[in-house]
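> Residue strings, one per chain:
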Amino acid sequence: MASNNGDVKLIGAWASPYVMRPRIALNVKSVEYEFLQEQFGSKSELLLKSNPVHKKIPVLLHNGKPICESSIIVEYIDEVWSSGPSILPSDPYDRAVARFWAAYLDEKNVRGAAAASSEEAKNAAVDQLKEGMALLEGAYVEISKGKDFFGGEKIGFIDIAFGSMLAWLRALQVMLGGVKLLDEEKTPGLCKWAAKFSADPAVKDVLPETEKIIEFAKLLVAKIKAAAASS
Amino acid sequence: IKEPIISLLSLTLPTESLYIRISRPCFLSPNRKLKISSFYSVFFHFFSQHFSALAMASNNGDVKLIGAWASPYVMRPRIALNVKSVEYEFLQEQFGSKSELLLKSNPVHKKIPVLLHNGKPICESSIIVEYIDEVWSSGPSILPSDPYDRAVARFWAAYLDEKWFPNVRGAAAASSEEAKNAAVDQLKEGMALLEGAYVEISKGKDFFGGEKIGFIDIAFGSMLAWLRALQVMLGGVKLLDEEKTPGLCKWAAKFSADPAVKDVLPETEKIIEFAKLLVAKIKAAAASS
Chain G
1 MASNNGDVKL
11 IGAWASPYVM
21 RPRIALNVKS
31 VEYEFLQEQF
41 GSKSELLLKS
51 NPVHKKIPVL
61 LHNGKPICES
71 SIIVEYIDEV
81 WSSGPSILPS
91 DPYDRAVARF
101 WAAYLDEKNV
111 RGAAAASSEE
121 AKNAAVDQLK
131 EGMALLEGAY
141 VEISKGKDFF
151 GGEKIGFIDI
161 AFGSMLAWLR
171 ALQVMLGGVK
181 LLDEEKTPGL
191 CKWAAKFSAD
201 PAVKDVLPET
211 EKIIEFAKLL
221 VAKIKAAAAS
231 S
Chain D
1 IKEPIISLLS
11 LTLPTESLYI
21 RISRPCFLSP
31 NRKLKISSFY
41 SVFFHFFSQH
51 FSALAMASNN
61 GDVKLIGAWA
71 SPYVMRPRIA
81 LNVKSVEYEF
91 LQEQFGSKSE
101 LLLKSNPVHK
111 KIPVLLHNGK
121 PICESSIIVE
131 YIDEVWSSGP
141 SILPSDPYDR
151 AVARFWAAYL
161 DEKWFPNVRG
171 AAAASSEEAK
181 NAAVDQLKEG
191 MALLEGAYVE
201 ISKGKDFFGG
211 EKIGFIDIAF
221 GSMLAWLRAL
231 QVMLGGVKLL
241 DEEKTPGLCK
251 WAAKFSADPA
261 VKDVLPETEK
271 IIEFAKLLVA
281 KIKAAAASS
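Chains as they are written, first to last, in the working numbering: chain G, 1 to 231; chain D, 1 to 289.
Pulled out of the complex, with its shape left as it was, chain G reads as follows (with noise of 0.2 Å):
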């Protein structure tokens, strides 16, 4: 079975969304992979040489080959492993919409918010995070038709390119003093949502702690901060 699937390596970090994203969809297809992860700070030769054009991780290494950016790579992973559960949706229109959504939410990140110098700057990132999530929530409603996940009775492309973001998003609730992005009462669905998500088996070892992550984003805060002061 190991030698169906080929040799698969994922270069990556535990804390990385972007990273959480191909080793969910790897769990979704039952494929087993060494997690070849780089140290805080440094770029490891192989990211380098897999990845020269942005020396970015995720990178997905099956027999040797590299495929980088993480939706890009779990659609790969959704073509290569086309006998598990599929990930992508089958009509053409539902994948362009899963496609919109997955793009949509790589364009507006959550890390404007995080390492925003000023009072200013923090409420303006939050606002827009909020009117995101309202977007969100009308799109979840309209694609799950009632049922749990995006992607209908089981975890689907969008539930991955989203889903992958919760760990953050919970950290970045905490760290800008209990500010409600996940809010019972603006987005009840994707309250729901989210606890689904985070309980399904393919998602639950991969999605860090909150605490984990708050940790986490004070290291990389500061070291945003002393880059911005450097430059």
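No lab work stands behind these hints, which were simulated from the structure alone. All of these numbers come straight from a predicted model, not from anything done at the bench. Think of the CB as a built atom: it goes at the ideal place given N, C-alpha and C, for glycine as much as any other residue. Among these hints, one or two may not hold up.
SDA-like mimics (lysine to any residue), calculated; alpha carbons at most 25 Å apart, straight line [claimed, not checked]:
1. G:Lys-130 with D:Val-108
2. D:Lys-84 with D:Ser-71
3. G:Lys-145 with G:Tyr-93
4. G:Lys-147 with D:Lys-120
5. D:Lys-250 with D:Phe-207
6. G:Lys-65 with D:Val-199
7. D:Lys-163 with G:Asn-51
8. D:Lys-212 with D:Leu-239
9. D:Lys-244 with G:His-54
On the chain D side, residues computed to face chain G include the following (Cβ under 7 Å) [unchecked claim]:
10. Ile-122
11. Glu-124
12. Ile-127
13. Glu-134
14. Pro-147
15. Tyr-148
16. Ala-151
17. Arg-154
Short derived list, chain G residues pointing at chain D, Cβ under 7 Å [said to hold, decoys possible]:
18. Cys-68
19. Val-80
20. Phe-100
We have chain G; now place chain D onto it with these hints.
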């Protein structure tokens, strides 16, 4: 009797159905019955040709594309639809304003292109191209079939959008000489990367997609008019460089001449004119913010 009927048929019907007509076995006696049955056959065939033409159009459904002639992102789905020989209605936005239809169809980003297929909107140029490839799967393939090749194709399309094209706009709209040079340097680095990718992926064929244009060709080729315009506007800077990017120079000529492309890619002069308008708009917006 047969000859005049056959010549009448050849006037009214396409050659294909004429062949079918002649080859169809006739169980009727030669003379009178052939004349009458032929009349009805002509009528039926004429009607069925029209009916099947209508059926063909409705097989594709109602296809509209909201966009603008100058946008490279809009050129992508236009080229893709041409590859699939799908007819569509091109709804062009007025420069400087956004139509009700666009705002309704793409409320999240309010951007072109938007494909409307049977009224349902599909947004984001690369997503639209993949949709076109999947819906009209009987036409020539745009994405490769192998999963690894598909991942590589998607990688380069994403690279062009995230890293490369922002530098084109940056170089065009840069206010200082320094900013302009920085953007141009980054573009040249990008061109070197893309030359390497082209050599590796085309494997000696004309296109990234091999014998015919594919996903990367469309993603990158849609930018050629802007690339050429930028070279002129920056006083002859060479991005497509016979010495440094010989593969891409050949590729660019072949791509531009492709039947699916040649009516879509605007002339460089038209883009230069349009770019002046756009740069003025960007600078005005920056000044007022």
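> Please go over all the hints and tell whether each is borne out by the structure.
Hint-by-hint comparison with the structure:
1. G:Lys-130 with D:Val-108: holds, 14 Å
2. D:Lys-84 with D:Ser-71: With Cα atoms ~21 Å apart, D:Lys-84 and D:Ser-71 stay inside 25 Å; holds.
3. G:Lys-145 with G:Tyr-93: Distance ~15 Å between G:Lys-145 and G:Tyr-93 Cα, so the pair holds.
4. G:Lys-147 with D:Lys-120: Holds: G:Lys-147 and D:Lys-120 sit about 22 Å apart, inside 25 Å.
5. D:Lys-250 with D:Phe-207: holds, 10 Å
6. G:Lys-65 with D:Val-199: holds, 18 Å
7. D:Lys-163 with G:Asn-51: holds, 15 Å
8. D:Lys-212 with D:Leu-239: This hinted pair holds, its Cα atoms lying about 24 Å apart.
9. D:Lys-244 with G:His-54: Holds. D:Lys-244 to G:His-54 sits at ~22 Å (cutoff 25 Å).
10. Ile-122: Interface hint status for D:Ile-122: holds (5 Å vs cutoff 7 Å).
11. Glu-124: Status holds, d = 6 Å.
12. Ile-127: Because about 5 Å separates D:Ile-127 from the closest Cβ in chain G, which is inside the 7 Å limit, the hint holds.
13. Glu-134: holds, 4 Å
14. Pro-147: For D:Pro-147, the interface hint holds, since the closest Cβ of chain G sits about 4 Å away, which is under 7 Å.
15. Tyr-148: holds, 6 Å
16. Ala-151: holds, 4 Å
17. Arg-154: holds, 5 Å
18. Cys-68: holds, 6 Å
19. Val-80: Since chain D brings a Cβ to about 5 Å from G:Val-80, closer than 7 Å, the hint holds.
20. Phe-100: Interface hint status for G:Phe-100: holds (6 Å vs cutoff 7 Å).
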